[in-house]
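Letter by letter, the chains look like this.
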Amino acid sequence: MGELRLMKGNEVIAEAAIRAGVDGYFGYPITPQSEVMETLMIRKPWEETGMVVLQAESEVASINMVYGGASCGKKVMTSSSSPGYSLMQEGISYLAGAELPCVVVNVSRGGPGLGTIQPSQADYLQVTKGGGHGDYHVIALAPNSVQEMNDFVALAFDLAFKYRIPAVILSDGAIGQMMEKVELSDFVPRRTEEQIRKECGDWCTLGSNRHNVVTSLELDSTIMEERNVKLLKKYEEISKNEVRYEEYMTEDAEYLFVAFGSCSRICKKSIEMAREKGIKVGLFRPITLFPFPTQQLKVLGQKMKGIMSVEMNVGQMVDDVRLAVECKVPVEFKGRYGGIIPSPDEVLQALEEKLVRK
Amino acid sequence: MTDQELKEIMKPENIVYKKSGLLRDNIMHYCPGCSHGVTHKLIAEVIEELGIKEQTIGISPVGCSVFAYNYIDVDWQEAAHGRAPALATAVKRLLPDKYVFTYQGDGDLASIGAAEILHACNRGENIVCIFVNNAIYGMTGGQMAPTTLVGMKTATTPYGRNVDRNGYPMKITELIAQLPGTCYVTRQSVETPAAVRKTKQAIKKAFLNQKEKKGTSFIEVVSTCNSGWKIDPIKANKWMQDHLFKFYPLGDLKDSVKDDPESYKQYIE
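Residue numbers (the working numbering), protein chains in the order written: chain A, 140 to 497; chain B, 115 to 383.
The hints are simulated quantities; they were obtained by calculation from the structure and are not laboratory data. Glycine included, each C-beta is placed from N, C-alpha and C at the ideal position. Misleading hints may appear alongside valid ones.
Unchecked claim - Distance ranges between label pairs, derived from CB positions:
#1 A:I256 to B:A269: 53 to 63 Å
#2 B:K352 to A:N348: 38 to 48 Å
#3 A:W185 to B:P126: 33 to 43 Å
#4 A:S360 to B:F361: 39 to 49 Å
#5 A:M318 to B:F361: 56 to 66 Å
#6 A:M318 to B:K379: 47 to 57 Å
#7 B:D366 to A:W185: 51 to 61 Å
#8 A:M363 to B:P347: 29 to 39 Å
#9 B:A269 to A:M363: 21 to 31 Å
#10 A:W185 to B:I141: 30 to 40 Å
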């Protein structure tokens, strides 16, 4: 049993980073995630593990610092919230193009524009469909608890290095700000330069006689197309191997909620209330938003009388749900926007109105 | 000269100049007369002479010198437009025992990347920044840069830079010299053998500053872009001397160490 604590989601990101042997964190303050960097500054990990923590001049600088550190084979990360995540898109595209491993945490809030500081899931499309320019994907993990905020930091780094790809933890202001019991991970030492050379020596820029070059540039279209094909193969491999999802009370279910992050917690309460009324409903929770659990949802979803995608946005994941079940099952949508968290009652009411009583 | 006489001369002990071992054999893409080639050569020579090849990481920009990594035989990272100082910041902090340098043009450094260079210099990042200023965007076809002189014709100022429409040419090196994190700020050029020698000394000094952890060293190299300026290389050198040097005078702007942090404590005491 690891160390048990009562902590905020954002604080746990910081603690988990130190414990995962992260080499560097580069960030810029933005609500509702500023506690990540604040916690790191209070913890002073540079004295403990030698981890570098730096407040950058902007999110643009933060993500490019991540690019510099990742190019050295180091475990580096940043965190932000929606407007800041938008500013990072150019950098994430470069990271994807240069095939660099890193972790980006997006504790998302309502938009568009400056929007609101309240929680939202309105960055689903930006995170899962690319976000920046060019043909690329990032791995997207969606925690629904403070515990998963802890667990997904190390997991995101493992996946990022396994596939040399940016991994995004798409959380929201509710999970970032709420306090829950968490079992912290054990400490993993930072890798030595020798270990990094062994693992990443053929591409990383630690100084060498190899003339290692990290770049996303290729002016020869035929070679650039080969690079696109290589990336495509990587995304296919990730889609085959790394799908993660959770099913809840689906064995006897006739209806299905599909929800990620905070909304999945609300749906569990709605399910409890629905079953008291005799409505057999279950939950399918995508944990990886990219790769989306398309096949798994297809198999389960096509047994249902109806499916409802529950999101804190105007309907961003619902299209992926419809595609997964190939439109063979009615798929409805229930959302709240602008930083409003839907209540279990209104989710249940929407299920009854849109699917059960129809 | 007979073959025999030539053989007599071509002995190792008679060699007074040779290509740096750190310059790769790739054919440079730079236009004839461009200042990048000479500046690359000087960096390669300095790294070779200091014996730090395997401890050096270069950061290349977006612009004509985006391919600097094809020519100098060290590890390189190619940055997004303007962001080289942000990359260098992370590399140097994560690898404090290595040598890190950035190489940027005037569009990259003084326009889109103004925030990154100012903040890296203000933090006193222990890096070397090479700034090649030819007062124009070369790679994209000769558009106005922040450093373009008033009245200078470019693709986007076809009737000459007009202050009311385009603002003033920016002396970013003077701005950077004001920042407490910099230890050495100098403006040099490479159009004559004497200037080449001075610039090489400046680059060497900058790398030695990094070794001694003195703060940010910043070297502007006032340069030509005969393609962008649409004049031949010899005229371009003359034009640079007659016009750019007047607005961007050569010489050291600062040569010390970064400010003493202790001296800043008085304001909250």
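Consistency of the hints with the structure:
One distance hint, 53 to 63 Å for the beta-carbon pair A:I256 and B:A269, is violated here, with the actual separation near 44 Å. In this structure the supplied range 38 to 48 Å holds for B:K352 paired with A:N348, their Cβ-Cβ distance being about 42 Å. A hinted range of 33 to 43 Å is violated for the C-beta pair A:W185 and B:P126, which are about 50 Å apart. Remark: the range hint 39 to 49 Å for A:S360 to B:F361 is upheld by a beta-carbon distance near 41 Å.
Separation of A:M318 from B:F361 is about 59 Å and conforms to the stated range, judged on CB atoms against 56 to 66 Å. A hinted range of 47 to 57 Å is violated for the C-beta pair A:M318 and B:K379, which are about 37 Å apart. At roughly 34 Å, the beta-carbon separation of B:D366 and A:W185 lies outside the given 51 to 61 Å, and the hint is violated. For A:M363 paired with B:P347, a C-beta distance near 33 Å keeps the hint of 29 to 39 Å intact.
Checked against the given bound of 21 to 31 Å, the beta carbons of B:A269 and A:M363, roughly 26 Å apart, stay inside it. For A:W185 paired with B:I141, a C-beta distance near 45 Å fails the hint of 30 to 40 Å.
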